[in-house]
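Chemist: Chains A and B supply the protein sequences, listed in that same order.
Here the first sequence is numbered in UniProt numbering, starting from 1 and rising by one per residue.
Here the second sequence is numbered in UniProt numbering, starting from 1 and rising by one per residue.
Since the hints were made in silico from the structure, they are not lab data.
It is possible that some hints are incorrect.
Simulated pairs of lysine to aspartate or glutamate, EDC-like, Cα-Cα distance not exceeding 16 Å [as the list claims (entries may be wrong)]: (1) B:K186 / A:E248; (2) A:K186 / B:E133; (3) A:K186 / B:D240; (4) B:K186 / A:E208; (5) A:K186 / A:E208; (6) A:K136 / B:E232; (7) B:K186 / B:E208; (8) B:K136 / B:D115; (9) A:K156 / A:E133; (10) B:K136 / A:D204.
2 protein chains.
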Amino acid sequence: MNNNNNREPSSLGIVGFGAFGQLAARHLGKHFEITAYDPSQNVANVAQHLGVTLSSLHSVSQADVILIAAPVSSFENVVSEIADACNPGALIVDVGSVKVVPAEIMRRMLPNHVDIVATHPLFGPQSARQGIEGLKVAVCPVQGNRHAQVAAFLRKALGLTVIMTTPEDHDQEAAVVQGLTHLIAKVLLRMGPLPTRMTTKSFDLLSEAISMVQHDAPEVFEAIEKANPYAETVRRRFFDLAASLSVELEATSTTQPHNESGH
Amino acid sequence: MNNNNNREPSSLGIVGFGAFGQLAARHLGKHFEITAYDPSQNVANVAQHLGVTLSSLHSVSQADVILIAAPVSSFENVVSEIADACNPGALIVDVGSVKVVPAEIMRRMLPNHVDIVATHPLFGPQSARQGIEGLKVAVCPVQGNRHAQVAAFLRKALGLTVIMTTPEDHDQEAAVVQGLTHLIAKVLLRMGPLPTRMTTKSFDLLSEAISMVQHDAPEVFEAIEKANPYAETVRRRFFDLAASLSVELEATSTTQPHNESGH
Chain A
1 MNNNNNREPS
11 SLGIVGFGAF
21 GQLAARHLGK
31 HFEITAYDPS
41 QNVANVAQHL
51 GVTLSSLHSV
61 SQADVILIAA
71 PVSSFENVVS
81 EIADACNPGA
91 LIVDVGSVKV
101 VPAEIMRRML
111 PNHVDIVATH
121 PLFGPQSARQ
131 GIEGLKVAVC
141 PVQGNRHAQV
151 AAFLRKALGL
161 TVIMTTPEDH
171 DQEAAVVQGL
181 THLIAKVLLR
191 MGPLPTRMTT
201 KSFDLLSEAI
211 SMVQHDAPEV
221 FEAIEKANPY
231 AETVRRRFFD
241 LAASLSVELE
251 ATSTTQPHNE
261 SGH
Chain B
1 MNNNNNREPS
11 SLGIVGFGAF
21 GQLAARHLGK
31 HFEITAYDPS
41 QNVANVAQHL
51 GVTLSSLHSV
61 SQADVILIAA
71 PVSSFENVVS
81 EIADACNPGA
91 LIVDVGSVKV
101 VPAEIMRRML
111 PNHVDIVATH
121 PLFGPQSARQ
131 GIEGLKVAVC
141 PVQGNRHAQV
151 AAFLRKALGL
161 TVIMTTPEDH
171 DQEAAVVQGL
181 THLIAKVLLR
191 MGPLPTRMTT
201 KSFDLLSEAI
211 SMVQHDAPEV
221 FEAIEKANPY
231 AETVRRRFFD
241 LAASLSVELE
251 ATSTTQPHNE
261 SGH
């Protein structure tokens, strides 16, 4: 991370070379010497294309900066293996969509001699298609003081809008932001193909919002709805309000059409 | 309506000078001599500003073209008064957000010597802020053959995208398009102020969609949800799918955070 820091980390180890790990490599390639670990055999081509050396989890964990972009299911196992292999002074960063649980896992399992910063880039391959400049990333200090360095890098080197926060504050807001978006998308997708002909501007916006999340892996939805300690409350609130609105609507008497409801 | 038609209608009577009646006057002023009727006393200034002469419902109903932009509650009464006052050969057009019920009312109550075209401009003052060019309007022939003339005018004179359809097809699609948009907006508005800080692109789109409909009059929501014969089915489907998703989510076991869920 070539900025104000006497130590000059030059090697980056990406743990989990899926959709987001690859997106990270694409944007960090000119700042780091990148190695990556992924259990899948299907990432060899894309790794080569991105100039990334695939290696074992152990050797990837010896990099100066370790980026954990591992899937839901293996997060805890991955962290424990990194804990055994990482070097003193290493900087360990995760990019999960929830922060309370992973921050707790990293703080508990990783050694005291490493710095830990929990982050959540508020974008994915879909929303990063036009580049990542100006997109948002949440940054939570977990251990050590290099969160300031990480924030400066994300801001200056990548042009991201950095939101410094805590895992708790992040998850509370994400429970609404991501929880509701994915919940509504899920319900609408189950309703089948949506109309495209007689659509209003507001419906077009709704459809676009859905199309951005509908291709996320099932684990994404699971993570957002289940691994966020605040998601269930928000979800129940949404379902309860929907249910009471449903009752109201069946109760009230039918009225005639109105003249101003185009948008 | 100054286009291919041996008869040259030059007077337009707008019945109901609310938000949409005023929007219509703003865009039709250079094509017609406009008079308008509204029971409210508060429209005098805007009428003067738009060069529209306010008059009685009876005299407004004697125009060559009568545009019904009356609120839900008074639609049927208004049509019966127009039926008594309108001239033979008049063209009567409504702009309600549902079409089956108003088309039936107009066909039943208006005389045979007038042409009737039911329309639904798929926009309102909000979405028309940047002008109406390219916006959509649904057009349903009801009585007579001047729907083609109306469609041509909307396309050529106003630059609108015209969708020729039937009241039934319109209401079926609108039940999803407007029914769902307003339903979701209603539920989210009841959840209180939405986050604006740690937002994703898809959530921003969702918020924008909501903001476009949240200022609609309560009658608009009522009309869309209650006066559309297909709305209840769509609504029940949405609520049922939401409920079953809710059950599934409480049932499944908690998982760990995932790495790619930013958008």
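Chemist: Name the hints, by number, that the structure is in violation of.
Modeler: 2, 4, 6 and 8
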